[in-house]
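So you can see what is in the structure, the chains are spelled out below.
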Amino acid sequence: MSSGGEQRPDPDALLARVHRQERSAHRGKLRIYFGASAGVGKTYAMLAAARKHRADGRDVVVGVVETHGRGETAALLDGLQVLPPRLADHRGRSMPEFDLDAALARRPALVLVDEFAHTNAHGSRHPKRWQDVEELLDAGIDVYTTLNVQHLESLNDVVGGITEVRVWETVPDTVFDHADEVVLVDIPAEELLARLRAGKVYVPQQAERAAQNFFRKGNLMALRELALRRTADRVEGDVQAYRVDKSIGAVWKTATALLTCVGPGAGGERVVRAAARLASQLNAEWHAVYVETPSLQRLPAARRERILATLDLARELGATAAVIAQPQVAESIVAYARTHNLSKIVLGRDAVRRLWPWQRSSGQRLALLAPDIDLIEIGVQPTRVDRDEVRPPLAEGEPEAPERRLRKRLRYLWSALVCVGVTLAALPLGARFEPSNIVAFYILAVVLTAMRFGRGPAALAAVLSVVAFDFFFVPPRFSFAVSDVQYVFTFVIMLAVGLLTGQLTAGLRFQARVAAHREERAGALYELARALSAVVQVDEVTRIGCESVERTFRASAALLLPDASGALSRAGGRETGEPAVDLGIAQWSFDRGQAAGFGTDTLPGSDVLYVPLRAPVRVRGVLAVRARNRRLLRIPEQRQLLDTCAALVAIALERVHYVGVAQDALVRMESERLRNSLLAALSHDLRTPLTVLGGLAESLLLTHPQLAPAQREIADAVREEARRMSTLVGNLLDMARIESGEVRLRLEWQSLEEAVGAALHAARGILAGHRVELSIPPDLPLVRFDALLIERVLANLLENASKYTPPGSTVRITAASHPGRVVVTVADDGPGLPPGREEAVFQKFTRGERESATPGVGLGLAICRAIIEAHRGSIVGENLRQGGAAFTFTLPLESVPAPVPEPDLETAHG
Amino acid sequence: MVEPAPVAILVEDEPQIRRFVRTALAAEGWVVHDSDTMRRGLADAGTRKPDLVILDLGLPDGDGVDFIRDLRAWSQVPVIVLSARVDERDKIEALDAGADDYLTKPFGVGELLARVRVALRRRLAAAGGASAVFEFGDVRIDLAARSVQKRGQPVHLTPIEYRLLTLLIANAGKVLTQRQILREVWGPSHAEHGHYVRIYMGHLRQKLEDEPARPRHLLTETAVGYRLVPAPVS
Chain A
1 MSSGGEQRPD
11 PDALLARVHR
21 QERSAHRGKL
31 RIYFGASAGV
41 GKTYAMLAAA
51 RKHRADGRDV
61 VVGVVETHGR
71 GETAALLDGL
81 QVLPPRLADH
91 RGRSMPEFDL
101 DAALARRPAL
111 VLVDEFAHTN
121 AHGSRHPKRW
131 QDVEELLDAG
141 IDVYTTLNVQ
151 HLESLNDVVG
161 GITEVRVWET
171 VPDTVFDHAD
181 EVVLVDIPAE
191 ELLARLRAGK
201 VYVPQQAERA
211 AQNFFRKGNL
221 MALRELALRR
231 TADRVEGDVQ
241 AYRVDKSIGA
251 VWKTATALLT
261 CVGPGAGGER
271 VVRAAARLAS
281 QLNAEWHAVY
291 VETPSLQRLP
301 AARRERILAT
311 LDLARELGAT
321 AAVIAQPQVA
331 ESIVAYARTH
341 NLSKIVLGRD
351 AVRRLWPWQR
361 SSGQRLALLA
371 PDIDLIEIGV
381 QPTRVDRDEV
391 RPPLAEGEPE
401 APERRLRKRL
411 RYLWSALVCV
421 GVTLAALPLG
431 ARFEPSNIVA
441 FYILAVVLTA
451 MRFGRGPAAL
461 AAVLSVVAFD
471 FFFVPPRFSF
481 AVSDVQYVFT
491 FVIMLAVGLL
501 TGQLTAGLRF
511 QARVAAHREE
521 RAGALYELAR
531 ALSAVVQVDE
541 VTRIGCESVE
551 RTFRASAALL
561 LPDASGALSR
571 AGGRETGEPA
581 VDLGIAQWSF
591 DRGQAAGFGT
601 DTLPGSDVLY
611 VPLRAPVRVR
621 GVLAVRARNR
631 RLLRIPEQRQ
641 LLDTCAALVA
651 IALERVHYVG
661 VAQDALVRME
671 SERLRNSLLA
681 ALSHDLRTPL
691 TVLGGLAESL
701 LLTHPQLAPA
711 QREIADAVRE
721 EARRMSTLVG
731 NLLDMARIES
741 GEVRLRLEWQ
751 SLEEAVGAAL
761 HAARGILAGH
771 RVELSIPPDL
781 PLVRFDALLI
791 ERVLANLLEN
801 ASKYTPPGST
811 VRITAASHPG
821 RVVVTVADDG
831 PGLPPGREEA
841 VFQKFTRGER
851 ESATPGVGLG
861 LAICRAIIEA
871 HRGSIVGENL
881 RQGGAAFTFT
891 LPLESVPAPV
901 PEPDLETAHG
Chain B
911 MVEPAPVAIL
921 VEDEPQIRRF
931 VRTALAAEGW
941 VVHDSDTMRR
951 GLADAGTRKP
961 DLVILDLGLP
971 DGDGVDFIRD
981 LRAWSQVPVI
991 VLSARVDERD
1001 KIEALDAGAD
1011 DYLTKPFGVG
1021 ELLARVRVAL
1031 RRRLAAAGGA
1041 SAVFEFGDVR
1051 IDLAARSVQK
1061 RGQPVHLTPI
1071 EYRLLTLLIA
1081 NAGKVLTQRQ
1091 ILREVWGPSH
1101 AEHGHYVRIY
1111 MGHLRQKLED
1121 EPARPRHLLT
1131 ETAVGYRLVP
1141 APVS
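Chains as they are written, first to last, in my numbering: chain A, 1 to 910; chain B, 911 to 1144.
Think of the hints as simulated: they come from the structure by calculation, not from any bench.
One or more hints might be untrue.
[What the hints assert, rightly or not] In silico SDA-like cross-links for lysine to any residue, where the CA-CA straight-line distance does not exceed 20 Å:
#, chain 1, residue 1, chain 2, residue 2
1, B, K1084, A, I776
2, B, K1117, A, S775
3, A, K52, A, P85
4, B, K1117, A, I776
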């Protein structure tokens, strides 16, 4: 209860809401058409809604719809696009199945997927259709589907009890509860029966009798009530969510949480389902635990398998599942409830026949231990359906290894030998010692046997001890006859003490083994973490990770790592080997960051488990594990251990990755620094003497008295060569800078006219003997480019034009804007490019003519091309039909910049 | 009485460059005091009453830009910057700090002398007081009457165009960086809108130059800024 006036929402609830919104922002919406039974018109309603969406222009596709030959329903399919089914091979028959991949590839806005609870053919990606739908939703596609109440997991047994027809195709309640919308399709039972009689409801021939049982009025009314009530529960949930969203309501429920105990009994599933229903009604979290005692550990593999399956069911229904290895059931359950703050315990009522008056049911024991915790006992009298239940075994139990059986027998043999040994040792003392002292020897032997060989051999030792004691030491000796009645009493005590100590010691042994296991697990993790912490190479991580998993889980393991494009391949270069990896499943697991394969919801038929290596930043790969003892991977603790191992490997991989990235960056920075300083030094050290050279030559020309004409000519030549040298050095340095990927474009909105003007100004000396014609429209838009570099391009082109044409030639510069680009051409009317070498001139150190008096090394055009391509433009050279060469470059034309505001100031007039 | 010879201070650490610059300036009748460090250069500028400072940006004992800032604190003497660096940012920085002009190495003596003449003319014009009428080419601007004529014909300028033109006239011969123009014409908040300047310079050229794509007076200093040259150099 919150205090008066306090209306603040629960932060946890708000956080959950944020998560929900985040998830739902990308996820598709799920709408379920929910009905009490077949024939109420769910598919019809769904199709009618889809047609309406279609008419509104939404992209609707029918993924799979079962019309069951009903004409009215089939008619609604008209005009809707239907995905062709995928043909799955099922025991030689090909079964049409919903084609998930086609739907994902088609990516419509809305897909109709009928029969939510359908079980896919063996070998499909997911065993259940609702899992296909989950994947569609995750891909952001909306889904409409249909569901009958009997297919809801938690109501499954209830419906089975009512109708005596049990279906195995179920959908977890969490999926139903998380659906965005549930539309209840409801008609009264009489009407449904009328429709049935009118033949409007499809009834398969082979199931006709069952169906006749099923469609009884009483059944239908009960089913209808269930469907209505379940929908009402959901509506209440919606209201609650709304209240949380809107922070309405002064009363906030104190968190209740349930704990349910899974036992080896047949009713485990019933208890779990009941707990799930209860939890959803209370809107509470719930946990399911299984306490594995030494006696339960000795159960046959098939039964333990069943317990684990029940735990899986609980997890599917939304529980947190755990296995506790403790000899004391009640104590450990209470301890678990206390540590997890669970205020209610749900358990099945024991069907124990009381042999002794002090024996108590687990419920009574719990009640004694924790009087403050609510106990809810569920009746587990097996129903008829439960009795003829023949659920296929999930995995056949491992056959007991022959060597293990041998070892077990050896233990009994040893315990017998110990008794023989004690007897032999005590025989010489028999004459001198009181028989009561001899008993102590035997008790010691039983204790030792229990410690060394366990409970069974200890019991054997206890019995053998009594027999041997009677035969060898109790008068009359060497016969089983007993002279004194008090020895019968001794035998009973001796047997009891022997059995009891054996029991206690064996219990201790079990505890020690559990502790050792736990320590082993912690040790394995520690070892792995320690080994991985020093590793700096991916191969090492792979090796250490695989070895550790193989050791810990007695399994074969492989690491699959993605390449740059995200495609997985086996690490360590081994393409094949143990385990045989299916790259398709691995890729799925990697892409979605979910475990797949053995023991999961996705392709459980595979015998390899694929665990994604989830690191803080991203999924780094997939760990494939094939355990020799497959049950091991089904135990929650072992799976958690495996997940932890995977996380450790993932973190190590991520660390290695970032070490690599950091190193690369360091090397790149270092080489960049080196190159920069080299270029700067070169640029300075070459330009300074060139400046001096040209400057001094020019100074000679200015001296008084003036030089003689011959000397003037020489000074002029020196100056000209210095100028050429410095152009060459400039070109070389520029090329080096551009090649090194060093030049960062300083893109700004520039005027092409201005760039041409600046280039003409810079080249005015070279162009002195040429005529220049310009054709640049004044309304040419501004273009984004690096002014200095484009001026460089234009200057190079102008220089080329002047160099390769005789004096008096005309150089023409034209510019024009086209959609998306600006085209600039520099053309001359000279001899043109050597035919066939129009492209080659752009190569470095290539010139139009091989041997030529025209100076230059052929870098100019190469620089032009590098600059233009850096601007995402293109440059080509060609010969004009009327003679002469033309170089044309384009620059991308983006949207023009914001218009220039002209403040309304005083106007200046002429 | 002969007019006293103009005095130039040359701050440059490369002796050969000092040598030919000194030779060239001396041939033009300048008295040149050269120094190879910034510290000595600043001291010279304080004591020699120079008419011109030629400053190399890459000095061993400090940044040339700091030199200009120091100098501008107490003197309006024209400063021409010599820069061996390719990066335009150094030049822009120097110009923004108050330099009048720049030359990129390698430069020719002819080029240097032309710039020197412009700088000297500016200094003399500034000393003589601004005249109300300014002319370049066949364009005549009467600053008092706020009228612009080309070949005797009135030219209509928008307020922004006129403001831009008067800014260039007030700094004739000097390189104005894009940032300086934006600040003066549009105000400090428009410092990032480089394309304004380009559009309006285009307008001015269309209205005042004979060939807007081959301007003779309203020159572009690519990637640096603009300069109004009243009398073209060549």
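Checklist entry - Between K1117/B and S775/A, is the straight-line Cα distance small enough, at 20 Å or below? => result Roughly 17 Å separates the two Cα atoms, so the pair holds.
Checklist entry - Are K1117/B and I776/A close enough, with their CA atoms no more than 20 Å apart? => result holds (16 Å)
Item to check | Restraint check for K1084/B with I776/A, where alpha carbons must lie at most 20 Å apart | outcome: Violated, at about 28 Å.
Checklist entry - Is K52/A within 20 Å of P85/A, Cα to Cα? => result violated (24 Å)
Violated hints for the displayed structure, listed by number in ascending order: 1 and 3.
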